[in-house]
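Student: As a plain string of letters, each chain reads:
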Amino acid sequence: MTLTQTTYQDQILASNGFFGPYGGCFVPEVLLPGLSEIADAFEAIKTDETFLAEFRQTLREFSGRPTPLTPLPRLSERLGGAQLFLKNEGLNHTGAHKINHCIGQALLAKRLGKRRIIAETGAGQHGYATAAVCARMGLDCTVYMGRKDYERQRPNVYWMELLGARVVPVEDGTQTLNDAVIAAFKDWVAHPNDTYYLLGSAVGPHPYPAMNTFFQKIVGEEIRRQCLAQAGRLPDVCVACVGGGSNAMGMFFDFLDEESVRLIGVEAGGRGTRSGEHAAKLLQGQAGIFEGYHSYFLQDGDGNIANTHSVSAGLDYCGVSPVLAWLADAGRVEFAVASDAEALEAVQTLARAEGIIPALESAHAFAYAFQLAAELPREAVVAVNASGRGEKDLFITMRHFQEESLIQYAKNLLTI
Amino acid sequence: MLPQLPIMAHLVLGYPTLPESLRTAETYIAAGCAILELQIPFSHPTADGPVITVACQEAVKQGVTVSDCLAAIRALRKKYPEQEIMVMSYLNRIYVYGMYRFFQDLGEMGVGHVIVPDLPVVGPTQSSPPKGAGSSSSSVISSPQGVILSESEESEAEGLKNKIKSRPSASDSSLSLRMIPLEMDKITEMIGPAAKGEEWVRPPLVPVLAANIPDTRLDQLIAAGYDFFYLMSDFKITGSTFSLHPRLREIAGRIKSGNSAARIGIGFGINTPEQIKAVLEVADYAIIGSALIVAQQEGRLENYLENIAHSTTPAV
Ligand SMILES: Cc1ncc(COP(=O)(O)O)c(C=O)c1O
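Those sequence lines, one after another, are chains A and B. Here the first sequence is numbered in this note's numbering, starting from 1 and rising by one per residue. Here the second sequence is numbered in this note's numbering, starting from 417 and rising by one per residue.
In case anyone wonders, no lab produced these hints; they're calculated from the structure. This structure is a prediction, so every number in the text was calculated from the model and none was measured. Just to be clear, a hint being listed does not mean it is correct.
To be clear about the criterion: a stretch of chain A counts as covered by chain B if any three or more of its residues have a C-beta under 8 angstroms from a C-beta of chain B, and this derived list gives those stretches [to be verified]: (1) 19–30; (2) 169–178; (3) 186–199; (4) 280–294.
We put the beta carbon where it would ideally sit given N, CA and C, even for glycine.
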């Protein structure tokens, strides 16, 4: 892909739903009026200063933006290579970047007069952010969550319920994010008129990939400003984990047309390269059309969707943003993997060296960034997106690091 | 031959096994069902309820391939050349098999219609290509890496684009679908122009519509020449409790007055003779899926079909 007159940014913002051959709107006809309504509204708000001002104000007042760009001097010193910077999206209200597109979409839903919001969630961060924003804006909220994620991200289920949302565990299939997405679509088919589907990543049918990228791009915009002020230059490399692609697109968008900035997405390598053991769709997937969009999917070779695995529920998903699929083919974004074990180790490393506990999803980006930084010269600047904070993973990481204490804690809880 | 029942009977190929699903098809034929709807199983049937989802997943578990399904359909066609057959598949299985190859295979075996629930229909439906489209490259379809429309192919699609543009505009509707990328070269191209010099034998797609279809969009589809319309009984997934949305009567009327030859089926949640009767007041066919699978699971398929036959007036 060569850049002629239009830039990557222009192409994404002006997109009619296709990014090169990827994207589209492959859904049952019954959903088209609803999607069309959202696409029209998105088109209108892109340049509506009143809407955008309210969006920015809510990000500031409710979510606490801007989030800091934190230098990691001790780790950088220890690795002996590039200077590492951490974009702390985990300091957002509800603990992750997800709230950026939740605020944007909830404001859009209100503008459309929708009172009922549905969402899917994997790690629970998108559901948690959706529940909080809905409570704040007085919207009815139902969140679908695969049974397996429901059990492994229990703290977030509790928070969502405390915020007044209805959390529905999905018993179908592998009981993870994919099944939650399908359950949410089925709900929407049954309630196409009064319900707004607040989809949680840069995936799905048009306009979600472009729209969530648009609402997330503030992350990269802040990094640009902060990096210029703090390091006196733009980052040489930006690293983000990739589940569906919302935090990666949020970080990358502002730098897409800066040729000097390398952009690297890190996928979940899980516990092996066999099918079902990982969630590396860009590195190991195949083109397909599923859940409304054309992109890369993990599949069985005959058009069935494969199972995935990741220690982090937020990366445990079969598909990836069509925007990233396009940027991958174009060679603009590079991709790497980090395994479950490497991610867990990165959580501990970052916690001990810099006093920050990242979400397991984000830890994949750090695991790779640590390797990369060690190979780069000292003057290089590497920014890593800490898409979320690690508190939600309490029971998962504790099981790995202190299993005995966890068992003891669980027993004690019941006897108190 | 039995009088035909105005029933479109659905089954999942490969459930509980491929040979057994073929025997089920023969049972439907023996009962006089006018149309068979044969679903190619998919791991994640996004618009289906629990009964069909489980049937699909069981079939997938056994490793039933798209090629197996096509071979089964071919065998059935051979044995029952008069039987009307429609094939249903989610898009990804067709896409990975090869869009063009799939439609070509079905066209060659004389399958009348294809239902793809997650592909909103677009474009013309003639069984011969619009002028010029037949000569563009077939590389578009077979590449598993995606559907890439090269510059030279773009002009081939112009004919289609113009044709679509000249149809009634949807902009006067409150739900215009204006921003939805439907009338896209890419989708048309994905379904595929024939390879160089080959005959275009794609069977037409069946639009699957619900009561929220905007009038302007409906008129567009009627004008595009679709000859079979699948209407969802209500805002539901398959196998839900039955209800008939009041607007369907008006939609059916609009289709018939736009194209008196078009046929209409209504499906989703239909089970009892009373429900079939209610549906046939509006449509030509009652489409039955989950209820047949459940009847089969409970070993009362023949009874169920007999019961329907007794309480249903044969189609003329
Ligand atoms: C903290 C965090 N990071 C990353 C992700 C992955 O999603 P995405 O790739 O859309 O950013 C999730 C998803 O739940 C998440 O909670």
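Student: Now look at each hint and say whether the structure bears it out.
Tutor: Status of each hint after checking the structure:
Only residues whose beta carbon comes within less than 8 angstroms of a beta carbon in chain B count, and the stretch 19–30 of chain A has 11; three or more means the coverage holds. Chain B is given as covering the stretch 169–178 of chain A, and this holds because 3 residues of the stretch bring a CB closer than 8 angstroms to a CB of that chain, at least three being needed. A stretch counts as covered by a chain when three or more of its residues have a beta carbon under 8 angstroms from one of that chain; for the stretch 186–199 of chain A and chain B the count is 6, and the coverage holds. With 8 residues carrying a beta carbon less than 8 angstroms from a beta carbon of chain B, the stretch 280–294 of chain A meets the three-residue requirement, and the given coverage holds.
Violated hints: none; the structure is consistent with every hint.
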